[in-house]
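*Asks:* Below, each chain spelled out in residue letters.
There are 4 protein chains.
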Amino acid sequence: MIVVIKSQTPASEVQRIIQELHRYPVTVEKVVSNDKAVIGLLGDTTAIGRENIQQISPFIEQVVRVKQPFKRASLEYRYGEPSEVAVPTPNGVVTFGQNHPLVVVAGPCSVENEEMIVATAQVVKATGAQFIRGGAYKPRSSPYAFQGHGESALGLLALAREATGLGIITEVMDTADMEKVAAVADVVQIGARNMQNFSLLKKAGATGKPILLKRGLSATIEEWLMAAEYILAAGNPNVILCERGIRSFDKQYTRNTLDLSVIPVLRTLTHLPIMIDPSHATGYSQYVPTMTKAAIAAGTDSLMIEVHPNPAKALSDGPQSLTPGDFVELMQEIAPLAQFFGRGTKSAFTNATPNLAAKISSTVGV
Amino acid sequence: MIVVIKSQTPASEVQRIIQELHRYPVTVEKVVSNDKAVIGLLGDTTAIGRENIQQISPFIEQVVRVKQPFKRASLEYRYGEPSEVAVPTPNGVVTFGQNHPLVVVAGPCSVENEEMIVATAQVVKATGAQFIRGGAYKPRSSPYAFQGHGESALGLLALAREATGLGIITEVMDTADMEKVAAVADVVQIGARNMQNFSLLKKAGATGKPILLKRGLSATIEEWLMAAEYILAAGNPNVILCERGIRSFDKQYTRNTLDLSVIPVLRTLTHLPIMIDPSHATGYSQYVPTMTKAAIAAGTDSLMIEVHPNPAKALSDGPQSLTPGDFVELMQEIAPLAQFFGRGTKSAFTNATPNLAAKISSTVGV
Amino acid sequence: MIVVIKSQTPASEVQRIIQELHRYPVTVEKVVSNDKAVIGLLGDTTAIGRENIQQISPFIEQVVRVKQPFKRASLEYRYGEPSEVAVPTPNGVVTFGQNHPLVVVAGPCSVENEEMIVATAQVVKATGAQFIRGGAYKPRSSPYAFQGHGESALGLLALAREATGLGIITEVMDTADMEKVAAVADVVQIGARNMQNFSLLKKAGATGKPILLKRGLSATIEEWLMAAEYILAAGNPNVILCERGIRSFDKQYTRNTLDLSVIPVLRTLTHLPIMIDPSHATGYSQYVPTMTKAAIAAGTDSLMIEVHPNPAKALSDGPQSLTPGDFVELMQEIAPLAQFFGRGTKSAFTNATPNLAAKISSTVGV
Amino acid sequence: MIVVIKSQTPASEVQRIIQELHRYPVTVEKVVSNDKAVIGLLGDTTAIGRENIQQISPFIEQVVRVKQPFKRASLEYRYGEPSEVAVPTPNGVVTFGQNHPLVVVAGPCSVENEEMIVATAQVVKATGAQFIRGGAYKPRSSPYAFQGHGESALGLLALAREATGLGIITEVMDTADMEKVAAVADVVQIGARNMQNFSLLKKAGATGKPILLKRGLSATIEEWLMAAEYILAAGNPNVILCERGIRSFDKQYTRNTLDLSVIPVLRTLTHLPIMIDPSHATGYSQYVPTMTKAAIAAGTDSLMIEVHPNPAKALSDGPQSLTPGDFVELMQEIAPLAQFFGRGTKSAFTNATPNLAAKISSTVGV
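Chain order of the listed sequences is A, B, C and D.
If you count by the working numbering, then the first sequence holds residues 1 to 366, one letter each, in order.
If you count by the working numbering, then the second sequence holds residues 1 to 366, one letter each, in order.
If you count by the working numbering, then the third sequence holds residues 1 to 366, one letter each, in order.
If you count by the working numbering, then the fourth sequence holds residues 1 to 366, one letter each, in order.
Hints listed in this document are in silico derivations from the structure and should not be mistaken for laboratory results.
These figures come from a predicted structure and were not determined experimentally.
Don't be surprised by glycine CBs; every beta carbon is placed ideally from N, CA and C.
Heads up, a few of these hints could be off.
Unchecked claim - Calculated pairs, DSS-like style, for lysine-lysine (alpha carbon to alpha carbon, straight line, at most 30 Å):
# : chain 1 : residue 1 : chain 2 : residue 2
1 : A       : K202      : B       : K251
2 : B       : K202      : C       : K251
3 : A       : K202      : D       : K209
4 : C       : K313      : B       : K251
5 : D       : K36       : D       : K6
6 : C       : K67       : D       : K209
Claimed, not checked - Covered stretches of chain D (in silico footprint by chain A; criterion: 3 or more residues with CB under 8 Å from a CB of chain A, positions within the stretch not fixed):
# : region
7 : 225 to 237
8 : 300 to 307
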């Protein structure tokens, strides 16, 4: 249930209303407070009459029941106003949200060594992208496959940040590692396979760090938003939703099926910002540029793209990684498209450096 | 197996090579003949040595085995050159293909009466779209639902064409109706539920008319191309592939899942032109504009969009139909996007007429 | 809407009630008439008051609205009484239904020649099975694959029936072939790919022949029952529903996923008899015996099992065909299981003949 | 790679062979040791020549490369011999395995209070079943739904064991809870949503406790076996695989689709014992008895069935829970079926007590 306060209500009256609402056996939260305050009531509100709330103050514009099972994640809960996730990075605050420029996250599947992660970060930085990604802990279907370098890889990510000023996004797989990961990462990723690892979601909620929540391979949109709700309910409003392809009956030519229609659907359901990951979705680097453009046209707030200095020698997910050269080219190609949709950046990918990319591609061995 | 002839080979020599090839117990087809002739050999070519073919003439550049099971539909078969489907309409020839402007097909799910189909066609025409769609024969899951007006609706479509000069696309469901439908339609549609109705595919191949082949609800890309192969193998090269959403585990917010990644995948597999139908894919008109833009960004050659003068009263598929006003707005919005991608039309949707649209929306009762 | 008449109501009164009901603008059908007459009203019954009907006669026990969209196929429509499909064969009438012995249909994927179909029929007959199956018209994903021998194969099936007294089940794919197929077949099969070929369903309804309706690869149970409703609505009550595996995300070890839970689900929804086809469902003969037993334990009314004299040389679907020897063994194994569940036959597979099977396996070349 | 030792090889020679094998840079494990020793070599064996191993001793019968990616879980690794998981309970050791009687696990979705869990355990015990299940930690899609009573519920399960002698199966969701859960549970369950929670799998491997590994909602069979491999690779050979329904396109009548064909498929791939959970698979108690019978006919080694004293008031998953009365009836019904398949128990469900069941159903409020 939300209580919408009229514009220009005196702050003291808003305060008084909140105090009155605290009498009810529910949680009271201030939700939106720009030009219009909205107050959320959470818990069992079935016994609370809307008229009773309305009578608290003439400054109450409306009392609305949130019908969706995902209360805090719902668009209704913020009275239709999109939320944004602002992430401080050495290069400045980067904001994910509908009314902000497109944010690009790029990097290798896993952090393999210092040289490759720093070199990749330099290319990523040079294109105007804002975050470097790279797995320290890797979910691999085989116990005999490379599992990531773990804690030491977190250190290498920090070095890459130092060298470039980019923010870091990396995945956490175990509640026991949450503190370590959150200490280094600027955004903590919860992977598709852990989307319904509810212990991890609760812990992610408790850190307060921005969380990137990937959609599970066969998660419905409602289940995905309920997973986000776990994080929000634990007190962390900084959640970004990332579509990375769903599992379908046809895996012959793509690894997963990129469900781009989640973008318009999510816009009607939730205020949370959206990211699209065309690399995992398609599984093949040759399809990434096209799906990146489609994602921008569909209105995504951000992109996650895999880049590796030498995809053929990558320790994981090589086939879906762009080379630095291809990545630079893609960033140049999408810059005017983002502008077209009013989502361009000031620096706008314009100082991209194909030479650097080519140099890295040719010299970095992994 | 294809035989690639060198550029500027004398026509008589090409003729001689073809004659030589006729000695083998296979079908010989001239495939591409712009600057470079390519000759296809179809049938059991396993016993034919590539060197033996090569020795026929010094003008043979290369002999290549087509590895895909869909021989004629494969990109290899045309040596990488996209095909195009040119459709004569009263307003002139409209060509579907990668090197041509975006083609837009629009109209109601089913032809309900003369007034509505002609009025809708007028709006469609006014926006610069080139085809009117409308079902005469309707595949409906219930035998008690409206099944389409059948033959008489074909006549109404012809009236709409007369009134506007638009081409007609309409569906055939029964081999027994093929002649009747092909006599009126400019493009004959085979619907998703009939994608593996092999009798219908063969008949469609025999007509020679351009065929719009919708992807089955759970058809793999390979099965879809094999269905196209049925039409091609029957001697009809005019096939357009239409993605209209696949069936997934989540049907709560969209009717199907639009698989836009078929576009880059098909570009690597086939020379055939592509259409995207965001109306059936999403099932809700509110998601159509966003997915239309995404489809253009992904490089579709054409679009199929449902428009109805009064969606709330439509005899079928109302929820996914745009109003004339919304359609005009969408066409105006996508015109610069098509231009951006070099797929704009000369007339470029510029003489769109919101007034006409509004008038139709308000006056046409169905 | 159904009108339930009290037991022992005089026939003349039932007649009078029916006449009264004919005044309403709906179709009136006598549905069940064993100990209790039930009369169905079909069409738009929303305007008809239940009380008005009730007042027609004191012999009316109850007036019930059928809530399911599949009216005639619903269990409600027959007031909970299962229907049965009785098929005359040279060996006598074979009845498919819940209160009848298990019916077994077996044979090759396609009719390849006289020797193989007659020999297979002899093995099938020897095991106590009641029907020979075999495709004359074959739906194949490739136009270059064997398409069935067509009309001539129908003749061979008739020869096999003559030689053994077995009934024949064979598939129709084209409305144009319906008469030819129905003239020979005892049960006409509509395949999975044609489950929503509505023209074919209507034609199948018009023949009056028993129809075996296979579930589409991604058809929901409701869509399947609506497809059955097409046949029933065309006046043909003789429909058997055949589950043959659905398409899922995992095709590595089985071709499809056998959805056995349709059995208990269908029992709550429909009165129609059920068949299970473990051969198409699993795609590999080694899994067929286990799934056959599971199907019997789940209560199937009948089974369809592929048998081929020489699976390795089969023109289609060899990997999923049992050898005659394996089939005989399976029939011996399941006889006591069918007995266990009260679904044994009189002849009960006891005169099975492994020698004949072995002889056929070793001598018939295909 | 496995090294198969001839029968009746002297133990000292086996010892010597193992010592020789330790020279290679791989892990050496004794795998099977009944009548025939089999020694497994794990790690990168590509550089090891089979002939070199063969030359170590004339008592080596065969050296075989394990082709499957799931090495220890593969049937090849045990040279075709099924493994068994023996679980000590107060009532004696219960063994899961192909050559052992059917094991039945039953109980409520979650442990709600002492009375209900003890009462349910008494019914379960009375029917001859061997394990009580009940969730202390519950994975729930909503953060606002009942999350289980956690640690205190583990204590209640221990009380139920004390009262009945049954073994306990309960789920762990967080690596941090593994010790607590393993200290009480006789079998530790890893739920479907955590099947690819690799941190949890590794921890489960380290405990050495028997692990029940549920298949993920959209996990392929290979992914499932790879998840088992994580546990086996961590040194824990006691893994039971539980199929609980997969996610398909049709969720109208069942919650999931029970994939019973995993039973014959797994028999060709792995030595691990199998459990079927018809309660979660169908989601509705009315379908549970039928699917239970089908599972037995398909050869399952064990069953997991939800029972609740008062399903209508259950805090979770009520619709899929049997009442005690229905459970007793089901156990009576399946006893002869298990016997039929040679999987009956000595006590064989014969001392079932409908009165007790009825009493519990009527008196226990939750």
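*Asks:* List, from low to high, the hint numbers that the structure doesn't satisfy.
*Replies:* As far as the earlier hints go, 4, 6, 8 are violated by this structure, in ascending order.
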